[in-house]
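*Asks:* Sequence:
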Amino acid sequence: MEKSRPLWDNPLQFVFACISYAVGLGNVWRFPYLCQMYGGGGFLIPYLIMLIVEGMPLLFLELSVGQHMRQGSIGAWKTISPYLSGVGVASVVVSFFLSMYYNVINAWAFWYLFHSFQNPLPWAACPLNSNHTGYIEECEKASSTQYFWYRKTLNISPSIEENGSIQWEQAMCLILAWLTVYLCILRGTESTGKVVYLTASLPYLVLIIYLIKALTLHGAVNGLVYMFTPKLEQLANPKAWINAATQIFFSLGLGFGSLIAFASYNEPNNNCEKHAIIVSLINSTTSVFASIVTFSIYGFKATFNYENCLNKAMLLLTNAFDLEEGFLTADNLNHMKEQLMATHPNEYVELLPQIKNCSLEAELDTAVQGTGLAFIVYSEAIKNMEVSQLYSVLYFFMLLMLGIGSMLGNTAAILTPLTDSKFLSTHLPKEVISGIVCFINCIVGLTFTMEAGNYWFDIFNDYAATLSLLLIVLVEIIAVCYVYGLRRFEKDLHLMIGHKLSWYWKIMWAFASPLLIISLFIFYITDYILTGTLQYQAWDATQGHLVTKDYPSYALAVIGLLVASSTMCIPLGALAIFIKRRLKREHRSTVA
1 MEKSRPLWDN PLQFVFACIS YAVGLGNVWR FPYLCQMYGG GGFLIPYLIM
51 LIVEGMPLLF LELSVGQHMR QGSIGAWKTI SPYLSGVGVA SVVVSFFLSM
101 YYNVINAWAF WYLFHSFQNP LPWAACPLNS NHTGYIEECE KASSTQYFWY
151 RKTLNISPSI EENGSIQWEQ AMCLILAWLT VYLCILRGTE STGKVVYLTA
201 SLPYLVLIIY LIKALTLHGA VNGLVYMFTP KLEQLANPKA WINAATQIFF
251 SLGLGFGSLI AFASYNEPNN NCEKHAIIVS LINSTTSVFA SIVTFSIYGF
301 KATFNYENCL NKAMLLLTNA FDLEEGFLTA DNLNHMKEQL MATHPNEYVE
351 LLPQIKNCSL EAELDTAVQG TGLAFIVYSE AIKNMEVSQL YSVLYFFMLL
401 MLGIGSMLGN TAAILTPLTD SKFLSTHLPK EVISGIVCFI NCIVGLTFTM
451 EAGNYWFDIF NDYAATLSLL LIVLVEIIAV CYVYGLRRFE KDLHLMIGHK
501 LSWYWKIMWA FASPLLIISL FIFYITDYIL TGTLQYQAWD ATQGHLVTKD
551 YPSYALAVIG LLVASSTMCI PLGALAIFIK RRLKREHRST VA
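According to UniProt numbering, the sequence shown holds residues 1 to 592 in order.
Don't read these hints as lab results, they were simulated from the structure. For every residue, glycine included, the Cβ atom is placed at its ideal position computed from N, Cα and C. Keep in mind that the hints are not guaranteed to be accurate.
List time: in silico DSBU-like cross-link candidates among lysine-lysine, alpha-carbon distance up to 30 angstroms [said to hold, decoys possible]:
| id | residue 1 | residue 2 |
| --- | --- | --- |
| 1 | Lys194 | Lys152 |
| 2 | Lys491 | Lys506 |
| 3 | Lys231 | Lys213 |
| 4 | Lys584 | Lys422 |
| 5 | Lys274 | Lys584 |
| 6 | Lys194 | Lys430 |
| 7 | Lys213 | Lys274 |
| 8 | Lys194 | Lys274 |
| 9 | Lys430 | Lys239 |
| 10 | Lys312 | Lys152 |
| 11 | Lys422 | Lys141 |
| 12 | Lys506 | Lys152 |
| 13 | Lys194 | Lys491 |
Ranges of calculated distance between the beta carbons of each label pair, as one might list FRET restraints [as the list claims (entries may be wrong)]:
| id | residue 1 | residue 2 | range |
| --- | --- | --- | --- |
| 14 | Leu575 | Leu232 | 48 to 56 angstroms |
| 15 | Leu534 | Leu390 | 38 to 46 angstroms |
| 16 | Tyr554 | Asn129 | 46 to 54 angstroms |
| 17 | Gly435 | Asp527 | 39 to 47 angstroms |
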């Protein structure tokens, strides 16, 4: 079996595959959000500490296990101990959940990419109402970019309880996304190995182009100053440290089985230690690099909105009181307000409700994460750029490359254990197995293209993996250090990488990393208990903004099922092996 196992063409191809998988959408939209929330540049302190204590050690651990055992997640952990086969199954289940909803992001990226060739961009302005007497009310109350996202893209329902129908344009984009993934994984490492060169490198080219453009935008410096001005008081906030650890954990893609699957196709003597360090450092550097681009564009957007607010207020006052136009500054506007309050107090008070408070700091403080940052904030900034179609095409093409790169890892985590199975590999070629997996995921994924699909997307995104992955990785560390034996594993690594294991790795694996994961686990459980009811953000079309609602009971049941279906694989797998061995012993004693 080992001789016939396919291999990467060269170590560089393996590194590109890991980078393509690890560097994903979270680097572009979640890390900038966390910087904004927890102290700007000061957030880098807990982030880098968590990289050293958690990120690199756990990445090295998974790569080592995959390369040494030369099997997917199920076979690798089963080799260490039959009682641990459930760990691999849990990883496959989590990866299956992730694949079901993650490719929907690629469908959205396709949708926006196709619309980016229109002039003007379809989200650049609000559409006219049916009578052509004004703009659509929902769009006026929200914004043109929010309207395009919530109404034209998602056609979102008012709540999760109103499922609505499948949006066929989104469904076609999802089918296209899955067809693209299937073509990339069709021949296993033979095809994936070629694709990762593109999915790993092209996003950097786009980010460099965006960086050059972003730094020349008016107001970009405001965003950069905001990012790099550290709020050191946030270092005393435990949530800053928890979120830094979580970002490292999920950004590297630990616990899904993808890294184990990729490493299983390495040569046995590949230096996975060096590659673990390279991949983790590139991943974290990319997060900082992407944040510089994001905050430059964010500064441009905030400055544009701020000056637009000043302009509207000043224009309103000059027209109402027949004044000469002044320079567009906050000081001039405040001076004008003071003069009018003194000379025309009654008229000014009547006009006051129409004048918005303009604040650059408030614009920069508006924190947006996830799909909001990727599809609303960026779209808002892009529509105000020169040659907006070009930058829109580049941006959504970059999102597509990042998403497909991550999907290659997600599907590898599912397919590798299946193709390792003697029964399946004997009866079905890998192209058919890949096709079945993609087809099932695509059919289930159509749920997320319904009018309430985005609410279900948030449920999967928030609850399908978080607690499950923490438990999976914790069991992985315990399995290597205390079941297989750290000294035994150290000897195996010595043969693989050609030198003795550093004390740093041993301390992290045996003590620091498991304690940190246990702390994260306790935090999530405690936070849930203290928070009480689980809630979600629903779109209110009449008000043009999001409102908070409680999840209905059946949605809570789905959340519980998502968490339990993966975590319970670990004890149930061990119980199944125990019962099987017990029955065998009883059978032998009966025969004797």
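*Asks:* Of the hints stated earlier, which fail here?
*Replies:* 1, 5, 7, 9, 11, 12, 13, 16
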